[in-house]
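Asks: Chain by chain, the residues:
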Amino acid sequence: EAQVTQNPRYLITVTGKKLTVTCSQNMNHEYMSWYRQDPGLGLRQIYYSMNVEVTDKGDVPEGYKVSRKEKRNFPLILESPSPNQTSLYFCASGPRSGANVLTFGAGSRLTVL
Amino acid sequence: AQSVAQPEDQVNVAEGNPLTVKCTYSVSGNPYLFWYVQYPNRGLQFLLKYITGDNLVKGSYGFEAEFNKSQTSFHLKKPSALVSDSALYFCAVRDPYSSASKIIFGSGTRLSIRP
Numbered sequence: 012e013a014q015v016t017q018n019p020r021y022l023i024t025v026t027g028k029k030l031t032v033t034c035s036q037n038m039n040h041e042y043m044s045w046y047r048q049d050p051g052l053g054l055r056q057i058y059y060s061m062n063v064e065v066t067d068k069g070d071v072p073e074g075y076k077v078s079r080k081e082k083r084n085f086p087l088i089l090e091s092p093s094p095n096q097t098s099l100y101f102c103a104s105g106p107r108s109g110a111n112v113l114t115f116g117a118g119s120r121l122t123v124l
Numbered sequence: 153a154q155s156v157a158q159p160e161d162q163v164n165v166a167e168g169n170p171l172t173v174k175c176t177y178s179v180s181g182n183p184y185l186f187w188y189v190q191y192p193n194r195g196l197q198f199l200l201k202y203i204t205g206d207n208l209v210k211g212s213y214g215f216e217a218e219f220n221k222s223q224t225s226f227h228l229k230k231p232s233a234l235v236s237d238s239a240l241y242f243c244a245v246r247d248p249y250s251s252a253s254k255i256i257f258g259s260g261t262r263l264s265i266r267p
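Protein sequence lines, in the order shown, are assigned to chains A and B. Okay, so the first sequence: first residue is 12 according to our numbering, each after it adds one. Okay, so the second sequence: first residue is 153 according to our numbering, each after it adds one.
If you're looking for bench data, these hints aren't it; they were derived computationally from the structure. Treat the hints with caution; some may be incorrect.
One side of the interface only, derived from the structure: several residues of chain B facing chain A at Cβ under 10 Å [stated by the list, open to error]:
hint, residue
1, Asp161
2, Asn193
3, Lys201
4, Ile203
5, Tyr213
6, Phe215
7, Phe242
Using N, Cα and C, we set each Cβ at its ideal position, and we do this for glycine too.
Build the full structure now, drawing on both the sequences and the hints.
Replies: In structure tokens:
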């Protein structure tokens with residue numbers, strides 16, 4: 012089944028404790044992206060990647076890091092989480108060009124205390 | 153700069169009645185337009201898209217959307233609502249000359265269908 016898999020789905024952590032949210036896709040998509048969803052703000056893009064070893068900032072990159080060492084994986088790293096990073100996070104993938112339809116993961120709900 | 157607006161935070165409709173979820177956009181040139189749906193505890197799922205051609209686009213679960221270039225709108229519609237249509241709906245837009253990274257999402261509209 013074609014899918015984007017995120018882990019963990021739920022996480023409660025404390026300020027300053029480094030964490031990684033993994034994202035993996037099995038559709039050989041070049042493009043991958045991370046979004047955060049907050050009430051009233053819709054989806055805001057954090058980072059994206061157009062291909063292996065190619066990453067770039069989205070609209071709200073502060074406090075986050077990403078890497079793209081393999082085509083299928085695009086982990087989101089919070090080096091020192093803060094309470095304002097409490098949010099629902101989505102990973103998505105899609106074709107690099109054309110009328111791209113994105114496939115989303117099920118989401119990761121992160122709470123930073 | 154491109155943008156997309158969903159003017160209603162919530163839409164309430166009785167089951168069996170027609171529904172409309174509004175979306176307006178701003179983008180240079182002819183846009184790519186999308187609707188996605190998010191059910192509770194799930195990721196966004198693709199519903200339909202407009203690229204070119206017929207202004208009325210049909211998608212999954214009986215939904216359709218009408219592209220109106222003069223009004224820069226792409227409203228989502230369904231002739232007869234079901235309780236199971238209750239979900240959060242997102243409109244999205246992209247300039248066809250930009251890359252996948254430039255897909256912009258609206259703030260979402262929560263659709264509530266009462267029995």
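Asks: Now tell me, hint by hint, if it's right for this structure.
Replies: Against the structure, the hints:
1. With a cut of 10 Å, the hint placing Asp161(B) at the interface with chain A holds, because the nearest CB-to-CB distance is about 8 Å.
2. Checking Asn193(B) against chain A by beta carbon gives a least distance of about 7 Å; that is within 10 Å, so the hint holds.
3. At its closest, the beta carbon of Lys201(B) sits 6 Å from a beta carbon of chain A; the interface hint therefore holds under the 10 Å criterion.
4. The criterion of a C-beta within 10 Å of any C-beta in chain A is met by Ile203(B), whose closest approach is roughly 5 Å, and the hint holds.
5. Checking Tyr213(B) against chain A by beta carbon gives a least distance of about 16 Å; that is not within 10 Å, so the hint is violated.
6. At about 15 Å, the closest approach between the beta carbon of Phe215(B) and any beta carbon in chain A exceeds 10 Å, and the interface hint on this residue is violated.
7. A least Cβ separation of about 7 Å between Phe242(B) and chain A falls short of the 10 Å threshold, and the interface hint therefore holds.
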